[in-house]
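So you can see what is in the structure, the chains are spelled out below.
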Amino acid sequence: MFRILLICWGILACAQAGDIEGTVVIKRKLTKRTVTASANSYQRGARVDLASDPEQDPLAFERSRVVVYLEGALPSQPVTATLEQKNRRFLPEVLVVPAGSTVSFPNLDEIFHNVFSLSKPKIFDLGNYPKDQTRTVTLDKPGVVFVHCHLHPNMVAAIVVSPNQWAAKADGSGRFTLAGVPTGSYTITAWHKTAGFVRQKVQVEENGRASVQFLLPTDEHGNLLAVAQR
Amino acid sequence: MRFATRTFLWSFVPLAVLLMASFWTTQTLVVSAVRDGIRTSMRQTHRSIARSQSKSELQYGRFLKVVAESAALKAGVELMLAEPQSSDARLTVEDQLKEICRSLGFYFLLISNPEGDALAGIMRVGEELVAIDPANMRPPQKGFLPMEERTYQLISAAMNQGDERIGTLIVGEPFDFSQFSMPTVLTKRDAVLESTVPGIVIPEVESGLRGCPADGECEVQLRGETFLSLPMRNLSLGDGYLIRSLQSVDSASGPVQAILLNVFLVAAAGALLGAVVLGALSSRSVVQPIAAVVSHLRASERTGVLPEFHANHSTIREIRELTDSFNRAADSIRAGRVGLEQAYVECVEALASALDARDRYTAGHSRRVSAYACSIAEAMNFTVKDLDEIRVGALLHDIGKIGIPDGVLQKPGRLTHEEMTLIQQHPTIGRRILEGVNGFQSYLPTVELHHENWDGTGYPRGLRGEAVPLAPRIVHVVDAYDAMTSDRPYRPGMSHAEAIRVLEKNAGTQFDAEIVRIFLGLNSIGEIRHIQADVLEQEVRSVHHLAEAVKNTGAYAPSMESIKS
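So the sequence lines, in the order shown, correspond to chains A and B. Count the first sequence with my numbering and you get residues 1 to 230, in order. Count the second sequence with my numbering and you get residues 1 to 565, in order.
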């Protein structure tokens with residue numbers, strides 16, 4: 001019964017929908033990234049492998065790690081997503097899926113990996129498994145699920161489980177679009193691992209284009225407003 | 001050996017021995033002092049090394065403990081233990097170890113299971129981190145591990161999961177010999193694993209160390225150089241490993257020894273020079289007087305005279321005594337010789353007197369002949385020696401008549417032919433008598449040839465003219481003169497004038513004319529003719545005299561006693 005109602009509402013909404021376009025503005029680096037090379041490597045004159053690509057704009061790096069989604073019990077279209085384990089990293093590092101989606105974790109490395117999470121929305125441990133094996137997890141509750149590897153403490157990924165299907169990652173320049181949002185008033189949330197959650201009100205008109213701008217961090221003085229919650 | 005050489009040797013040899021002994025002693029003392037110094041400094045270095053080593057080991061151990069507590073690593077080990085056959089699991093752990101090596105700068109990391117078998121390991125080769133094949137590998141938890149031409153010093157930390165031991169994390173650091181400022185060797189039991197002794201290969205070091213006590217100090221000969229080898233006892237390495245440090249005694253004591261050697265060489269050269277000079281000076285004062293004495297003796301050996309030795313008075317008492325006693329000996333020899341000559345002269349006179357005394361007709365004959373002959377010889381300027389010869393020769397000229405029977409000699413009247421022949425043998429008999437007497441050789445011609453005539457008609461050989469020596473020719477003339485002027489049993493003596501006439505008549509045939517001429521020119525003939533018949537008494541006195549002289553020599557004293565009695 002509820003489902004039918006939901007679908008009806010959805011169709012209705014579709015009929016009366018608008019887009020939300022926005023930009024994320026980040027003016028300074030938020031993530032403290034470390035140089036992973038040891039002091040000894042310097043001494044030996046080896047090439048130092050920095051975690052950041054020097055060609056990539058560090059602010060674009062930050063922007064591309066911002067997830068924007070709408071709060072509220074809106075219709076959700078579950079998907080099947082993949083979070084690869086490759087070169088001792090999770091790829092992508094930030095994944096956004098609507099609630100109810102299934103995420104598979106294929107191991108593409110030669111070595112064993114392990115996938116586990118201790119985050120509130122979903123607690124799981126997929127165990128150790130070798131190359132070319134994959135395990136899957138269905139994420140029902142919205143929230144941020146941090147995924148780790150027991151064997152490689154440096155591996156971490158964040159899966160943002162959005163309450164509905166309107167969720168997106170900003171691109172390098174900070175732009176994002178939530179298309180076909182039913183008209184109405186919403187709370188739109190932006191999340192960044194370091195900056196935490198930032199919320200705004202947004203009004204969606206029929207066939208209108210709502211424009212949103214997130215300033216991260218919001219505080220004028222440059223203080224982080226919220227700490228990432230797990 | 002010359003006296004100077006001996007003096008030199010006597011002064012130099014003890015000095016050289018003393019020098020060498022003191023050199024040896026000093027050298028030994030220096031070497032042992034240097035050795036003590038080396039030992040002390042080595043011990044100090046060992047202590048400080050051990051202190052820093054144990055300190056760093058403690059810190060390293062703590063640090064390692066933290067690494068061993070890594071949950072991810074533990075998870076990896078557990079994964080391996082859960083899937084022992086999986087190469088991916090090993091790869092996973094190796095990957096983790098690589099990560100640790102990279103971030104912490106380790107050279108060698110190894111994980112072993114609780115049984116001690118290696119599970120996985122990583123080693124740095126050049127810039128690369130490569131996996132170690134863990135098959136059949138049981139690394140020690142402490143000590144050393146030789147891998148790929150390197151020796152790693154190992155430290156380990158236990159990996160526990162709760163109360164359960166799941167493995168051991170072993171970290172190896174390339175053993176750094178450069179931390180030791182001195183030559184060092186790493187040994188395991190008898191084998192030398194590493195060595196930093198410059199220029200000497202490991203097998204040589206190994207054979208050099210073979211005689212050393214297991215963990216005691218010892219001295220090692222390497223390429224002719226002496227090393228002091230001291231084990232680092234307070235560095236606990238475990239598993240039979242031992243670090244020894246070596247220090248060259250020679251190179252430490254070498255400079256001091258070189259200085260010592262120079263000092264002693266200079267001293268030895270000084271001693272040599274001193275000994276030469278001293279020897280020369282001291283021997284000179286002794287050798288010079290001795291050389292003078294010797295040359296004196298040589299001269300007297302040549303001349304037969306032993307003169308007084310007038311040495312410049314030496315300051316050395318012994319040398320003075322030597323010259324004094326030489327002079328005393330020479331005096332006594334001279335005195336003895338004078339006495340001997342005296343005795344000899346008296347002996348000869350006694351012989352002549354005894355001969356003359358056989359017959360009163362010939363009494364004094366020999367003496368007179370001798371006196372006439374001497375007068376001629378003096379007139380002819382004979383030397384003292386020749387004069388003496390003719391005097392004695394003349395005294396003895398008729399000695400051969402001892403061997404002629406009295407009956408023939410004193411026969412009144414004409415002699416038969418046989419008797420004449422017998423008489424004519426007396427020169428030969430005389431010669432034979434005197435031939436055996438030492439020192440009478442020079443009188444033999446006078447005795448033998450005083451009856452040879454100038455024209456060769458004499459006896460016993462019938463020599464002619466100057467083939468007969470001068471002395472017998474003289475004696476021939478004066479013998480004839482005295483015989484003619486003397487009384488004989490068968491005739492009275494001729495007068496001087498008659499005798500001279502006979503001489504003049506036979507000069508040139510029987511006698512040498514020159515000698516007759518000189519004889520006739522003499523003034524002393526008359527005096528000599530009066531040496532007469534009191535001779536007997538004189539003869540007895542002579543014999544007594546002779547006995548006295550012989551007795552004084554002492555040799556025949558007992559027999560002389562018996563003669564007297």
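Quick caveat, the hints were computed from the structure, so don't treat them as lab data. Just so you know, these numbers come straight off a predicted model, no measurement behind them. By construction, the Cβ of each residue, glycine as well, lies at the ideal position given by its N, Cα and C atoms. Hints are not guaranteed to be accurate.
As a list, the in silico EDC-like pairs of lysine to aspartate or glutamate whose alpha-carbon atoms are at most 20 Å apart [claimed, not checked]:
1) A:Lys131 - B:Asp88
2) A:Lys131 - A:Glu84
3) A:Lys131 - B:Glu204
4) B:Lys74 - B:Asp36
5) B:Lys55 - B:Glu204
6) B:Lys142 - B:Glu204
7) B:Lys188 - B:Glu149
8) A:Lys120 - A:Asp171
9) A:Lys122 - A:Asp140
10) A:Lys86 - B:Asp88
11) B:Lys142 - B:Glu173
12) B:Lys74 - B:Glu128
13) A:Lys131 - B:Glu83
14) B:Lys188 - B:Asp163
15) B:Lys142 - B:Glu115
16) B:Lys74 - A:Asp125
17) A:Lys86 - B:Glu99
18) B:Lys74 - B:Glu57
19) A:Lys32 - A:Glu93
20) B:Lys98 - B:Glu128
21) B:Lys98 - A:Glu110
Facing chain B, according to a computed beta carbon distance under 8 Å, are these residues of chain A, among others [as the list claims (entries may be wrong)]:
22) Leu108
23) Leu126
24) Pro130
25) His152
Examples of chain A residues lying across from chain B (beta carbon under 10 Å, computed) [claimed, not checked]:
26) Phe112
27) Asn114
28) Ser117
Structure-based check of each hint:
1. Restraint check: the Cα-Cα separation between Lys131 (chain A) and Asp88 (chain B) comes to about 8 Å, which is no more than 20 Å; the hinted pair holds.
2. The hinted pair formed by Lys131 (chain A) and Glu84 (chain A) meets the criterion: a straight-line CA distance of about 11 Å does not exceed 20 Å.
3. Between the alpha carbons of Lys131 (chain A) and Glu204 (chain B) the distance comes to roughly 53 Å, so the proposed pair goes past 20 Å and is violated.
4. For the given pair, Lys74 (chain B) sits about 53 Å from Asp36 (chain B) by alpha-carbon distance, which is inconsistent with the 20 Å threshold.
5. Annotation: proposed proximity of Lys55 (chain B) to Glu204 (chain B) is violated, straight-line Cα distance about 34 Å (limit 20 Å).
6. For the suggested pair Lys142 (chain B) and Glu204 (chain B), the alpha carbons sit about 28 Å apart, so the restraint of at most 20 Å is broken.
7. Restraint check: the Cα-Cα separation between Lys188 (chain B) and Glu149 (chain B) comes to about 16 Å, which is no more than 20 Å; the hinted pair holds.
8. A threshold of 20 Å between alpha carbons decides the hint, and for Lys120 (chain A) with Asp171 (chain A) the separation of about 28 Å lies outside it, so the pair is violated.
9. A hinted pair counts as satisfied when its Cα atoms are at most 20 Å apart, and Lys122 (chain A) with Asp140 (chain A) qualifies at roughly 8 Å.
10. A distance of roughly 15 Å separates the Cα atoms of Lys86 (chain A) and Asp88 (chain B); the hinted pair therefore holds under the 20 Å criterion.
11. At roughly 12 Å between alpha-carbon atoms, Lys142 (chain B) and Glu173 (chain B) fall within 20 Å of each other, so this suggested pair holds.
12. Note on Lys74 (chain B) and Glu128 (chain B): the hinted pairing is violated, with a Cα-Cα distance of about 24 Å set against a maximum of 20 Å.
13. Between Lys131 (chain A) and Glu83 (chain B) the alpha-carbon distance is near 14 Å, which keeps this suggested pair within the 20 Å criterion.
14. Proposed proximity of Lys188 (chain B) and Asp163 (chain B) is contradicted: the alpha carbons are some 35 Å apart, above 20 Å.
15. With a CA separation close to 15 Å, the supplied pair Lys142 (chain B) and Glu115 (chain B) stays within the 20 Å bound.
16. Simply put, Lys74 (chain B) and Asp125 (chain A) have alpha-carbon atoms about 17 Å apart, close enough for the 20 Å limit, and the pair holds.
17. Proposed proximity of Lys86 (chain A) and Glu99 (chain B) is supported: the alpha carbons are some 16 Å apart, at most 20 Å.
18. Taking the CA atoms of Lys74 (chain B) and Glu57 (chain B), the gap is about 23 Å. The hint is violated against a cut of 20 Å.
19. For the hint linking Lys32 (chain A) to Glu93 (chain A), the alpha-carbon distance of about 15 Å falls within 20 Å, and the restraint holds.
20. As the CA atoms of Lys98 (chain B) and Glu128 (chain B) are separated by approximately 10 Å, the hinted pair is consistent with the 20 Å bound.
21. For the given pair, Lys98 (chain B) sits about 14 Å from Glu110 (chain A) by alpha-carbon distance, which is consistent with the 20 Å threshold.
22. Using the Cβ-Cβ criterion of 8 Å, the hint placing Leu108 (chain A) at the interface with chain B is not satisfied: the shortest such distance is roughly 13 Å.
23. Against a cut-off of 8 Å between C-beta atoms, the interface hint on Leu126 (chain A) is violated, since the closest Cβ of chain B lies about 13 Å away.
24. The interface hint given for Pro130 (chain A) is met, as the beta carbon of that residue sits about 4 Å from the closest beta carbon of chain B, less than 8 Å.
25. With a cut of 8 Å, the hint placing His152 (chain A) at the interface with chain B holds, because the nearest CB-to-CB distance is about 6 Å.
26. Annotation: interface hint on Phe112 (chain A) holds; nearest CB of chain B at approximately 4 Å, less than 10 Å.
27. Interface hint status for Asn114 (chain A): upheld, as the beta-carbon distance to the closest one in chain B is roughly 7 Å, under 10 Å.
28. The interface hint given for Ser117 (chain A) is violated, since its Cβ lies 16 Å from the closest Cβ of chain B, which is over the 10 Å cut-off.
In summary, the numbered hints that this structure violates are 3, 4, 5, 6, 8, 12, 14, 18, 22, 23 and 28.
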